[in-house]
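Line order of the protein sequences matches chains W and C. For the first sequence, counting from 1, position 129 maps to 948 in our numbering; every step adds exactly one. For the second sequence, counting from 1, position 78 maps to 897 in our numbering; every step adds exactly one.
Among the hints, erroneous ones may be present.
Because identical chains cannot be distinguished in the list, a pair is counted as satisfied if it fits within a single copy or across any two copies.
Unchecked claim - Distance condition first, Cα-Cα at most 16 angstroms in a straight line; then the derived EDC-like pairs of lysine to aspartate or glutamate: (1) K843 to E907; (2) K986 to E958; (3) K836 to D857; (4) K909 to E1001; (5) K873 to E825; (6) K986 to D953; (7) K943 to D984; (8) K909 to D999; (9) K981 to D953; (10) K873 to D857; (11) K843 to E1001; (12) K986 to D898; (13) K981 to D865; (14) K843 to E832; (15) K836 to D1004; (16) K909 to E1005.
In case anyone wonders, no lab produced these hints; they're calculated from the structure. Quantities reported herein were computed from a predicted structural model and do not represent experimental measurements.
Number of protein chains: 2
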Amino acid sequence: MGQSIEALEILAEHFGKMEGVGRKSAARMAYAVLDMTDEEAQAFADAILNAKAKIHRCPICQNLTDLDICPICSDQNRDQSTICVVAEPKTVNAFERVREYRGVYHVLGGLISPIAGITPDDLKLKELVQRVADGHVSEVIVATNPTIEGETTARYLAKLLKPFDVKVSRLAYGVPVGSDLELTDEVTLTRAIQGRQIVEE
Amino acid sequence: MGQSIEALEILAEHFGKMEGVGRKSAARMAYAVLDMTDEEAQAFADAILNAKAKIHRCPICQNLTDLDICPICSDQNRDQSTICVVAEPKTVNAFERVREYRGVYHVLGGLISPIAGITPDDLKLKELVQRVADGHVSEVIVATNPTIEGETTARYLAKLLKPFDVKVSRLAYGVPVGSDLELTDEVTLTRAIQGRQIVEE
């Protein structure tokens, strides 16, 4: 910016720190805040703090929730013996929209990626193994994106769960290779659940 | 979202209210806030409130500033008798980056647009007329976008300033420097021919 206003630049920096927000978008959003009324800006700031304060990870599935235990883990009508493993909370939402799946979830919080420096230790894998070790789990469906990172994580998981008496399956390749699960249409996602397959080591 | 968390949806709504932010981007940004540390989220919320509290319009040029009078209006090395009229604060920054212009500015806060319901009363036109009426202004350069709204506003302004002894000019239309004539639209090319200038030796 030619003529800099510190408070505006600091605000733009905060917007720009978010994934997928470029420098120009960040500046535009900072200006948008100035166009808000004082009440709107206060409500916006409150919403940020409120979301941070109220939302945490479910101690069972590691998905985001504002309850002690998330509504899916505490739902006794769901099949608690089938765990669908996903990378991110938003993928849970994608599956829930489809209404095909009646089991529960486990959110890893990412995928193994040597390039991005994400190792198995950075993911909620210990928590998943603990759930499987506790028994009552008959199948783990690995529903990671059909990318190199997703495949690596699926194979790692299969190896990790080998000692346990549990079926480890993978979403069927109805999902186009290289795509993003969040953007996959519902029919494709349904087919992928129905055609899930055993992960080979 | 399939499984809704109220605090997260409220936060996404706030992001989504900003111009140019779609539903998916808003949801992505709400998740990004949850990935922040508590300190980062607090700093983000503070930055919003701080920007709103500190930044206001310069009483002279209506540009955004955190000072009583903006640095350009209070700079006695600038030509205070030439006013460049722009729609938005960000256009001031575009001109300042160029360093060609040494006059001052007037920020209208928008352009006349019957479609968007923006009338002359919504713009800082009275304030501009007052500046011109106070004397000491020799030229007003209308630097609005070369669009229907920009043209309408420019013509409205020329009429408004007619009673005063002030030159009202407009940015030159033409072919952008470095562009390809073959790819230039016909309207721009027509304007470029109409506004052709003698080549100085």
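Non-conforming hints, listed in increasing numerical order: 7, 13 and 15
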